[in-house]
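**Student:** Both chains are given apart, each in its own frame, so use the hints to dock them into the complex.
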Amino acid sequence: MELSPLLIANARLLGGETASLLVAGGRIAALNPQQIPDGAETVDAHGQWLAPGIVDLGVFATDKPAFHFGGITRAALMPDGGPLDNPGLVERAAKGGKPDLWVHPLAAATKGLAGRELAEIGLMKQAGARAVATGRSRIADAGVMRRVLAYAASLGLVTIVHAEDEGLTAGAVATDGEMATRLGLASAPAIAEAMAIARDLALVEESGAAIHFRQVTTARGLDLIRAAKARGLPVTCGITPAHLFLSDNAIGDFRTFARLSPPLRGEDDRKACLAAVADGTIDVLASGHDPRGPEDKRLPFAEALPGMAGAETLLAMGLQLVRDGHVSAARLFDLLAATPARLLGLPARPPRRGAGGRPHPDRRGHALAGRRQENGRLGRKHTLRRHAGPGPRHRNVEGRAADSVSGGFGVESGCSDKRHALPFRGGQRDLAACCLVAAGGVHRPCARPMDPTPTPSPEGEGLYFRHRPKPASPLPQKKKPVGTPAGFKKNRMALSDHPVLGSPP
Amino acid sequence: MTTGSPSLTIINAFFENSTRTLLSFEIAGKRLGADVVNMHAAQSSVKKGETLIDTAMTLNAMRADAIVIRHHSSGAVGLIADKVDCPVLNAGDGRHEHPTQALLDALTIRRRLGKVEGLTIAICGDVLHSRVARSNILALTLLGNEVRVVAPPTLTPPAIERMHVTSFTDMDEGLKDADVVMMLRLQNERMDGAYLPSAREYHALYGLTPQRFERAKPGAIVMHPGPMNRGVEIDSSVADHPTRSTITEQVEMGVAVRMACLDILTRRKRGVPGWN
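Chains as they are written, first to last, in my numbering: chain S, 3 to 507; chain C, 889 to 1164.
Isolated chain C (complex conformation) (with noise of 0.2 Å):
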């Protein structure tokens, strides 16, 4: 988007909080120069029971030259693409996917370790509930990975070898010679029993130590979407670790794949030659 442009009007529609992702995107949009407008289903019609159509519908009327939307069901997303004509970027649908979280992982390796092909990387974590694992799945195996994925039995998604990757529930197996560990959010509410017995026994077993950290490859990087439970699914001395911690690059690279995402989708509206 170069300046001098006129202005675009960017939608964050976020039925789900989100802080991060959120202001990622709204810099993102800012810095490019569009009109950023937020909409948190707190505040929103859909609380007085608005259908999730015709909330989209009305996003539609209002003109808007991409919507940003994140929602706590898979597919919605998709259903309110369908309904809208200006370019829909995925933000989060439910455990679906989490694409432009991909892409910024998909950089940041490459920035880190000089491509993103070859590499033997382990999604380690809470796969079943999670929308960044299946997407980085998606993503990382299209680009000539081998991807493991590592997680207790409780929370590994049924057939998920048929996704091309290779199931661990042994942390240490799972890490043993990877290029790139990537950990993964537990919720809170998962660890109350219904899925783990506790914090501390998931720390125990799947928590990424510094000991099991070393049975990665030398020069292994370590990732985290974040937020981060410290002392449950990653210890402080790995995520805080001066080269080989990514984590704030991540956020960096966020803002940049999603400016990017979104100056390729307006390129059309704004009639970038090339792009009709």
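Here chain S stands alone, though its shape is the one from the complex (with noise of 0.2 Å):
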């Protein structure tokens, strides 16, 4: 089915210049159109950001509600799942996120993800792999690792790993400090990281192959990887924001929530990984989506399982790095997008001009994931539910995507709606502002169009720009009873009667 064309206007680029953009047949025909083709749909992004459609690296579960909340068009699924170690169960894990959201599934490194014997990547490739992944757990054997290193490697295929040391961590669920020792929870040293990613280094070192570390979360390990890209070996590594976000003081109180794998570091290591993402050695911003349950979390802190759901809010969390100064817009777009991509060999690039040359026409898969910009800082706050864990941690964060479009295009909703910043899940995404657009390139526009005159905000951040009040319902609207209806009984005993609560006799 043909795409209709689409003018996105009054776009911001990465780069900070205002632009129009003509989309046809799902690629980018034109910056700043002369001629507007018939037919074509306008979308006024009222000088949002026009940036990438978010791939992230490292999933756990295809919840597309939540992917298309966060402006996430591509997302490498981890091969836990399953697990993912046939070139089946690989193929029907890619056509997943279909129609409107690619699914890239990471191979299993072994089979079973047991660590010890090789899985069949080359097969698994062909199914539709863009990676090969170790999982939740780091492969133990080290002779076993080196092999799957260079097969994947001779496959031209990244390998994913996860870092901790298994010796170091058997049983344990924090972080050595003061925090695990005042709960009583079985911690191990933040080291087991740093030793794992030695171990690899020197397997990369030897090899030649490319080695992804999902997640780096302490200065230590950050150094490795520092030193390593130094010599130039093919390292990257990733974060999730809730490591660049949260110190293990957030497990105070037994928080299951803040039960992750790794565990949160201490405070020291937070701040080093802040650094990191500032200096350039993190090179993917990831969401280690993980959705948990109560089933999961509403229980003793060790019993928990880690993980945590973060799609809704990467690309909120990443803005408030650009809004704190450790990474400029067009960086975050980087370590969302064009990294990832990058590393999964796919053709995703951000539509920078001046930064980073003229968009490629072969440039598919954008999102707008907009804000607006004013006095100088990033607009209204919006909160987020930080999890799908128990206890509501609520954090305020600066906007978010509001609209991808198949891979895809999409605009920030400046949308004075509270509901509206909340992330919807189980489908409820017709809730969201402005339009979106299913695959095929069929158009949604919302019920709601966007207002074009600015509105002073509330909150005193300059303006913002709201959707058009709701048309007055045609039905009579119900009165709400006020105050107690007559003949109403209060219901409400006092403790003084109460049989059993009452006064002693």
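Hint data in this document are derived by calculation from the structure and do not stem from the laboratory. Beta carbons are placed, not taken as given, at the ideal position from N, Cα and C, and that holds for glycine. Watch out, some of these pointers could steer you wrong.
Over the 12 Å line for every Cβ pair with chain C, so calculated as not near, a few chain S residues [what the hints assert, rightly or not]: (1) 20; (2) 43; (3) 84; (4) 114; (5) 177; (6) 183; (7) 277; (8) 328.
Pairwise CB distance ranges (calculated) [as the list claims (entries may be wrong)]: (9) C:969 / S:142: 21 to 29 Å; (10) C:1041 / S:254: 25 to 33 Å; (11) S:144 / C:897: 55 to 63 Å; (12) C:1144 / S:116: 54 to 62 Å; (13) S:143 / C:1042: 23 to 31 Å.
**Tutor:** Take a look at the structure:
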């Protein structure tokens, strides 16, 4: 089915300039087009950023509503569910997101992820696997790991690894430190990560195979990566927003939602991670989306399962990095989209001019993860639920993605309705502001279009765009009863009248 | 709890095997005239896969006036306490805390030495896995004592200095001029090579022998939360010392402290004036 042409007007490119972008046939046709083809649909971005669709490197569940909400257009699925160790499962997983989300399965490095025998990596590549991964744990046997690296490299695939030494971390649920000691939780030293990284780097140095450490969360681990990069090794590493914004203080009071793998680190390590994002040591920001329900989290800390939902908040937390001056907007989308796409061998690149040259017509897969910048600050704050676990933990964040077009485009809503700022789950994304575009170029415009006139923000943060007010319902509105209806007895009993709890005899 | 008041129901929910603490809480409740019901995990629906929260809701629905809980997982008692309306007493949760033990230890020290402040107290043994040690560190540092932790490096918790204690790996050094020597029980499964090479090596390096005990102040007391491994962490001659061992007094004070805890925590329920 042919996509109808789409013009995104008044968009801010990541380089900073404002431009209009014409999309035709699913590709970028022109920047600032002179002629707009007939039948082209126009989306006014209101000066919000036009950014590539996020490529989330390493999720544990295909959670489409969460990905749509978060502006994620492509997700690399970790092999743990299944596990994805044969071509049939990989092929099926690759179809899991269609038609409006790309799922790129990661092939299990070993059969059953047991870390002993090589899986059919070559056949899985033919079935659609984009990289090899070791899953939630690392391959303990260095001999097996060496063979996996060499084998994957011969197929042109990056090996994505988890870095924790299993001997040190056996039974541990937290990082060594004051918090773990006070809470009486079994903990492992943070160097467990550096030790695993050191072994794998030695293997990389010998074989020349490309490796990606999915989460590097400690200062020592990052030092090793930094040194390896300086030596020119084909090494990249990633991190999740949780490890950038939370330290092990978050597990105080046994908050199981903050039980992660690897566990949250101390404050010094967290700061080192932020510095490593800023200096370019960390290449990828990924959600590690691993939603856990109450069955997995409403338990004593050590019995709860590790993991946290993160897809909805990935962009929002990333924008905090921009706000705090750790990265530029352009670099944020390198972390979120360009580098993950490169590691997976995908064509997505950010539309950037001046900073990164002209957008190429072959660069598909862009989303408007836009937001407005006013008074030198990023726009209105939204409150997002940070996790799917127990205990509401809210955090003010900066903006969000509002829309994505089948690998595609979207605009930030600037929506004043607080409900729209909450993550949508279970197919409720129709609630999202603006328009959502399903695959095949079928546009679904928002029932409530944006009001083009900006309104002063009640929070004093400049102007924002709001939705036009809802049209008055033709149906007569039911009036809510006010006060206690006549004849309604107060059902509250005074404590002193209580037969058991009342005053003692 | 005065006699003649309506009887209260106290549930002892023990998700981990215990004899002396369970008995101590049961006797404390009964001396106060309460109806005490014991629930053992082995007999309960916990074995059938019920979650802890569901168990807590069930206990809550039975309208107990106080629930005493021991659980093998750190933080589990707090999790239950969030879900029930009545007072919850922590009888030990994992490696986290055992508050009534700390209170009874403080009471024992006060009865023996006349005060619980300005003392030097050495807590010796498996501190890593000990909730007794953590609760005692919190209580005794709060009361203004110098607390030392004496343990092999494999059984010393990380960053324990952050709890305002001094850490020693040499027993003789750690006991020097101590007013109180508090021994901890060493679980048998720790001695099989995982944390320690053997019981006899532990005894040689960290066992409380009469010679070692001499390094403490004259008149220093020795405590042990029980049950003891005689000949491993403590020699019988020290454990049975007629004047300096407080081990039986600790058990006695345990009942008293638990009676006090149950009394205070049920005062509101009993409508004692001033406790609303």
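**Student:** Return the numbers of the hints above that this structure violates; sort them in rising order.
**Tutor:** When the structure is compared with the hints, numbers 5, 6 and 9 turn out to be violated.
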